[in-house]
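Based on these hints, arrange chain B on the given structure of chain A.
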Amino acid sequence: MRPFTVLTTLCGLFLSSSTLVCADSTLSSSPVALPRDFKPPQAFKNTNLVRNTNLEKSYLRETINVVVENVDKEAQSDYYLALPSDLYAKVGVLEVRDKSAPEKGRLDVQATEIDSSRDLQYFIVHFSEPLKPSSQITLGISYSVLNSFSPRPAAVKQMDRQYLTYSFSAYAPSAYTTVTQKTKLKFPSTNVPDYTTTDLKSGADPERLGTSYTYGPYETTKVAPGSNYPITVRYEFTKPVITASLLERDLEVSHWGGNLATEERYWLRNNGSELLDHFSRVEWTLSSYQQLPSSSIRELKYALKPGSVDPYFIDDIGNVSTSRYRPGKVPSRDASLELRPRFPIFGGWNYSFRIGWNNDLSAFLRRAVDSSDSYVLKVPFIEGPKVTEGIQYEKVVVRVILPEGARNVRWETLEKVSSNGLPSASQIQADVSDHKTFMDTLGRTALTLTVDGLTDEARDSQLVVTYEYSLWDGLRKPVTITAGLLAVFVAAWVVGNLDVSIKKR
Amino acid sequence: MAESPLNVLLKGNTGRNTRGLLRIIILGTIAAAAVSSRLFSVIRFESIIHEFDPWFNFRATKYLVQHGFYSFWDWFDDRTWHPLGRVTGGTLYPGLMVTSGVIYHILRFLTIPVDIRNICVLLAPGFSGLTALAMYFLTCEMSTSPSAGLLAAAFMGIVPGYISRSVAGSYDNEAIAIFLLVFTFFLWIKAVKNGSIMWGALTALFYGYMVSAWGGYVFITNLIPLHVFVLLCMGRYSSRIYISYTTWYALGTLASMQIPFVGFLPIRNSDHMSALGIFGLLQLVAFADFVRGFIPGKHFQRLLTTMIIVVFGAAFVGLVVLTVSGVIAPWSGRFYSLWDTGYAKIHIPIIASVSEHQPTAWPAFFFDLNFLIWLFPAGVYMCFRDLKDEHVFVIIYSVLASYFAGVMVRLMLTLTPIVCVAAALALSTILDTYVLATPGPNPKAKVVEDTSSEPLRSARKPDVGITSYLSKLVVTSSVVIYLLLFVAHCTWVTSNAYSSPSVVLASRMPDGSQHIIDDYREAYYWLRQNTPHNAKVMSWWDYGYQIGGMADRPTLVDNNTWNNTHIATVGKAMSSREEVSYPILRQHDVDYVLVVFGGLLGYSGDDINKFLWMVRIAEGIWPDEVKERDFFTARGEYRVDDQATPTMRNSLMYKMSYYNYHTMFQGGQAVDRVRGAKLPAEGPQLSTLEEAFTSENWIIRIYKVKDLDNLNRDHGNAVAFDRGHKRKRATKKKGPRVLRTE
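Residue numbers (full-length UniProt numbering), protein chains in the order written: chain A, 1 to 505; chain B, 1 to 742.
Just so you know, not all the hints are guaranteed correct.
Each computed DSSO-like pair below joins lysine-lysine, with the alpha-carbon atoms no more than 27 Å apart [to be verified]: (1) K706(B) with K503(A); (2) K157(A) with K388(B); (3) K186(A) with K416(A); (4) K436(A) with K477(A); (5) K503(A) with K62(B); (6) K90(A) with K416(A); (7) K706(B) with K157(A); (8) K436(A) with K62(B); (9) K186(A) with K305(A); (10) K90(A) with K182(A); (11) K706(B) with K610(B); (12) K305(A) with K329(A); (13) K104(A) with K132(A); (14) K329(A) with K90(A); (15) K182(A) with K157(A).
Derived from the structure by calculation, the hints contain no laboratory data.
Only chain A is shown next, with the shape it has when bound in the complex (with noise of 0.2 Å):
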């Protein structure tokens, strides 16, 4: 039908599929469902149980360190961590660790159904191995809760400081008895206008040093699990809410051009609070003359890795001319993209945009050491500006787009000690498919990841891919694209040769 197709089809004789294989997919990514009613087994008690709340950030991240007891007669390996409904929906990245022995790295979590029935919600922790009865384990649990304040007042003026709010309860969420604990509450600067005391225990609660609030410690052991104590503090937070609905963040890998080219597509929005009055120039002229702090996004400063060149930063109806690109010493010093939006961004107000440039491909790209047709390309998972508020993304996809023909694709992400921002590979979706670009006949493999609820602490996350390619794949396309240009001067001199004239010759 289509000489094209035709031609792929010729051209594509020694092809492969391409297949994907995930590094370590030993649990299932979709949530367990508990019976109604559930509730876990008595098996453990927290003895003791220490919560740092920070508040630093336009997202929440909480850190609890909690000593854990097996009170059973069986070994257990099962931990059920609760958490509030409304929390349980918007926690981006949740990691536990055995404090004891943090080189092992991260323990599996498995997330749970939703059942609305309940308070509580809860993810299943398994030990490495089965926790002996009366023996205790130092589980270190941190996670961070995307859209966890609310700006109030909901609206202020233009010149106004903007505070937010935050909501929590006392008492630890817990599926299990707790000894004692406390809560640590980190705020960002010591203008705290409103929070919660409690008579809980005895003496001044909370405890006020600097920025932090504690709460605790509390005796409690006779309150039942699951119990709530309302606390609410409102703190001011001068900086923006910056959130990013969606990123798309592209990859393209090119062995012929030795170029990796990267693209970002944000859709940002800022969760402050909103504008009372509209907007007034007047007022914004003078504050940033003045250069007076605001909630607004005024400019994102986005570092790019030494060597990046060609940035661009473009939206729906072109360039932004306001945008200013200072490149960086090769080896150390990185580049600083600085991204100043059309307009300020106030609370409630949108912007979307794309960013992009090229970096050397020799810097990401190995070939790897036992086989001449494989290589490994190691390169951020998410970059992002980097800017102290911090940023929350509600959902990321990265693709990585390698090159025409590339097969048996193998991902990881690297971890480290301490945290990488990304949950586990099993949290994250994976997806291999055909992206047709450039004169493919193919289609170039990519590889899609997409991720939930994340915040800019994977900023340094690497993502490691694995692919076999081979020289047959290189050449395809000059070879595709000769033949294609051989077939068409061999039909025009076979045109140009008929004789079409009625006349007789």
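Chain B only, in chain A's frame:
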């Protein structure tokens, strides 16, 4: 003579091949020059669609690419002309969009991922390369000299008169239409010369394409019949003309009727009647020619005279009757404005308000055509010397296009091709005369002359006159200098006058670096991101297409200007008091009002400067409510400072332009840099609108229309209450009764 390798290349069969190759290379270079000289704006700014109309074409192209051809054909656009909507698919010339759509799909088929925007931006330069080629073919038909065609192609490639409409980003109908125009004329000349059905049919085919692409096709529709008519009057009837014209007319008319926007116009509109009339006339002439073979001369004369009178009279009466009875539409208003330059200003202010519809200033001819304009008459004269059928065509075209170009600035575009043809004819004749046609100073011939004819001894010194090397040198070098000047001029004009996207303004920072003023896109993108998808935006019609394209919001009026009353409504809302405007805004569901204000930056193309046209257009519909006189002071001045008339100061446009402007000056006196006026210390008060967004340099100001007051007060009272005025004082303050009596 020794056979030098150069001679081998230049003589004989190889020589022909060499010259052919050389010609192809030259044409390729010309096309490349034509394309690249149009890329100033892409290099200087970015790949962006320019100005106003191209934004609509771009939006329509995106629609075509997204939704496919058939839904494009039936496209009813409810996001313009709110609440009326526009039957877009039936009221546009689809040629441009379909062309880009086809290119897009071909590239997609070859899996080359090109953004549709880049296709649209680069379509005009690409087609101008083709125009240069078409020009080569056309001129080659006019002249036997091989240089004429190449010169014409080079002229066409870089002449500013054409570049003005075809720089990269200027994605308008003219982008492809001029190529089609030139190529159709080439095919027509070819058809007339050969009397061939094939060329006639090809002419019709490209004529059909032209009809689908540009409203200017009427020019072809009238020029070809006129050519035939003049040929008939010159007694040059031949079967060639009969064959080519009838083929073209029959097929071309059918082709043109396929375009919904044209439809039955070719048989019902006066603009097209001449083509039909000539078609009939040609049949009669052919019949007469046929009859002449059978009847003796004297009888034939008489028969012919009577027949012509009777048929012509009958046809004319029929035409008048049909016109009066309304079957055939009379001449359109735009057509009248071609003959009477004052017509539009009185009857159709919308047409007159467009700057490109103004009569051309004389310097513009030199600006757009440079030295071609004085070679042009010489070229036309050359055509008279060698008056073949095709030369008649050039003469008619020149006369008509010269007139039209004098009437409207934009019609300079139709003049440009024929100027290039004529100038190339003239220049090639000069060059051929001086450089090539030199039988005199051939040394061999001179010897023969010397021996054979004694009386010519006086001519022994042949180094005078046109054959001398000196005169050759002088003429050639002056021509070269003129050509170089022409190239320099074209580049300068293109770079300075025609390469501004007008969406983006360039200025210089104190350190000399380029600073881009991007207020339009700032505001449009703000609208696009931070207003509901269905928020209606009211603005003057100039910005309608841009709002539709960049902000993607419904507009009340746009550059299509099909409904004068609707535009006048907007004009009335802009030029009336708030109490009058607010109900209009509410009735039209307006959420945001957008005005362009250049006072801070000194940007002169702003709404206050266009304001009088709004007033005039509104006055055309509501002469009792809006009066142009009220906006001028007693001394007849148009002022915005504290001398401004109360009507002016209370008009919505004035208020929206200057609202809060004085606060920018921090106690100093506010100055309007466009009109050089010092503004009153107290700025205007707005009660029914609130400022929603102002761009960085204040060029775009967007206002939100307030909802009805919660307490059912009127907005004036509500605002006064919020300011802390007592009701009584507020009413007192509100009542400068002078306002109403005036």
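Structure-based check of all given hints:
no., hint, verdict
1, K706(B) with K503(A), "violated, 78 Å"
2, K157(A) with K388(B), "violated, 79 Å"
3, K186(A) with K416(A), "holds, 25 Å"
4, K436(A) with K477(A), "holds, 12 Å"
5, K503(A) with K62(B), "violated, 47 Å"
6, K90(A) with K416(A), "holds, 25 Å"
7, K706(B) with K157(A), "holds, 18 Å"
8, K436(A) with K62(B), "holds, 21 Å"
9, K186(A) with K305(A), "violated, 32 Å"
10, K90(A) with K182(A), "holds, 23 Å"
11, K706(B) with K610(B), "holds, 26 Å"
12, K305(A) with K329(A), "holds, 10 Å"
13, K104(A) with K132(A), "holds, 19 Å"
14, K329(A) with K90(A), "violated, 40 Å"
15, K182(A) with K157(A), "violated, 37 Å"
Of the numbered hints given earlier, the model fails hints 1, 2, 5, 9, 14 and 15; all others are met.
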